[in-house]
Amino acid sequence: MNPQAKLIFTISLLLGTTITTSSNHWIMAWAGLEINTLAILPLISKSHHPRAIEAATKYFLVQATASTLLLFSSMTNAWYTGQWDITQLTHPVSCLILTSAIAMKLGLVPFHFWFPEVLQGAPLTTGLLLATVMKFPPITLFFLTSHSLNPTLLTCMAILSAALGGWMGLNQTQIRKILAFSSIAHLGWMTIIISFDPKLTLLNFYIYSLMTAATFLALNSIKALKLTTLMTTWTKTPSLNAMLFLTLLSLAGLPPLTGFLPKWLIIQELTKQSMAPAATVISLLSLLGLFFYLRLAYCTTITLPPHTTNHMKQWHTNKPTTITIAILTTLSTMLLPISPLIYPLS
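Just so it is clear: in the sequence shown, position 127 is 130 by the numbering used here, and no numbers are missing.
A hint or two may mislead.
As a list, the in silico BS3-like pairs of lysine-lysine whose alpha-carbon atoms are at most 30 Å apart [what the hints assert, rightly or not]: (1) LYS226 x LYS49; (2) LYS61 x LYS49; (3) LYS202 x LYS239; (4) LYS202 x LYS9; (5) LYS239 x LYS229; (6) LYS229 x LYS9; (7) LYS275 x LYS202; (8) LYS180 x LYS9; (9) LYS275 x LYS61; (10) LYS180 x LYS229; (11) LYS49 x LYS9; (12) LYS226 x LYS61; (13) LYS49 x LYS229; (14) LYS9 x LYS226; (15) LYS275 x LYS180; (16) LYS239 x LYS226; (17) LYS61 x LYS239; (18) LYS49 x LYS202; (19) LYS275 x LYS239; (20) LYS9 x LYS61.
FYI, nobody ran anything at the bench for these hints, they're computed from the structure.
Please construct the entire structure, taking both the sequences and the accompanying hints into account.
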């Protein structure tokens, strides 16, 4: 892709995200989301592969539908209450429609079907944007309207997302699809707590983005898209593979790694809110995700004996390992000891 075009699309992504996160008016928030959608489409379809074109088409249709619902929700609320302010969403029908719109934007169950397919059709760097940056504006709208939304509905959607994200990732061999279902499961953890402690949702999103960025950039560096390719990458960059192993375990939420922090705080807050059964269920469902993270981690660190394999071994990385991956992997594994400092900052 032309560097000037890539620069324009990147600036548009930043602009759309900034407009949505800093706006008080529904129309401005909607405009920012539309700018984001139009900016990411060329990045998804830049390879001109039929699967990439299909992914871009699916993404456009889903996001356009979600934006329409969001606009309809805000107009309904304005019709009944005369308020266009984002924080003044009070009409029950508007709240229900907005929950559906944001769930569609994020890829929450039951509107999750598009996300694995789109991520599978996009390049790894664009997949990183789809899994992190593109979810930030909808999460912000969730944060601003969390006091108006139905906690029971959000809890049901969260538990279903954690269940389906873990269950459907079990039999995947494509790494991007595994990470897509991982994202759906993590969104379940963010959604279940948003009615009770919205700041905890943002903290969870930041830590999830950190770990996902480290994983995607490491995979992009070793050019691994399938589990079979991942098995032969130990010979290329052993140190990077070891750090990827730890980052995947952090994504799974194992102590004493960074990923354990948001899960620990969310379970603690749910227990305080007399929601111990929900906390128990979502904790047990995270074991499904743990299985495919362990599978990925095992494939990452497997050392092959000297025998002939059915595919070509790659002995060198195409790109040098940057300082960015080093910083992200370090943060993804070692932030738990300073958790008393992180939580008040959020």
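Taking the hints in turn, this is what the structure says about them:
1. LYS226 x LYS49: Status holds; Cα separation ~17 Å.
2. LYS61 x LYS49: Distance of about 15 Å is within 30 Å: holds.
3. LYS202 x LYS239: Since the Cα atoms of LYS202 and LYS239 sit roughly 40 Å apart, the hinted pair is violated (cutoff 30 Å).
4. LYS202 x LYS9: violated, 33 Å
5. LYS239 x LYS229: With Cα atoms ~16 Å apart, LYS239 and LYS229 stay inside 30 Å; holds.
6. LYS229 x LYS9: Roughly 27 Å separates the two Cα atoms, so the pair holds.
7. LYS275 x LYS202: holds, 16 Å
8. LYS180 x LYS9: With a Cα-Cα distance of about 25 Å, the restraint between LYS180 and LYS9 holds, given a limit of 30 Å.
9. LYS275 x LYS61: violated, 41 Å
10. LYS180 x LYS229: holds, 10 Å
11. LYS49 x LYS9: With a Cα-Cα distance of about 10 Å, the restraint between LYS49 and LYS9 holds, given a limit of 30 Å.
12. LYS226 x LYS61: holds, 25 Å
13. LYS49 x LYS229: holds, 21 Å
14. LYS9 x LYS226: Satisfied, since the Cα-Cα distance of roughly 21 Å is no more than 30 Å.
15. LYS275 x LYS180: violated, 35 Å
16. LYS239 x LYS226: holds, 11 Å
17. LYS61 x LYS239: violated, 35 Å
18. LYS49 x LYS202: violated, 36 Å
19. LYS275 x LYS239: Measuring from Cα to Cα gives roughly 48 Å; hence the hint is violated.
20. LYS9 x LYS61: Given pair LYS9, LYS61 holds - Cα atoms ~21 Å apart, limit 30 Å.
Of the numbered hints listed earlier, those contradicted by the structure are 3, 4, 9, 15, 17, 18, 19.
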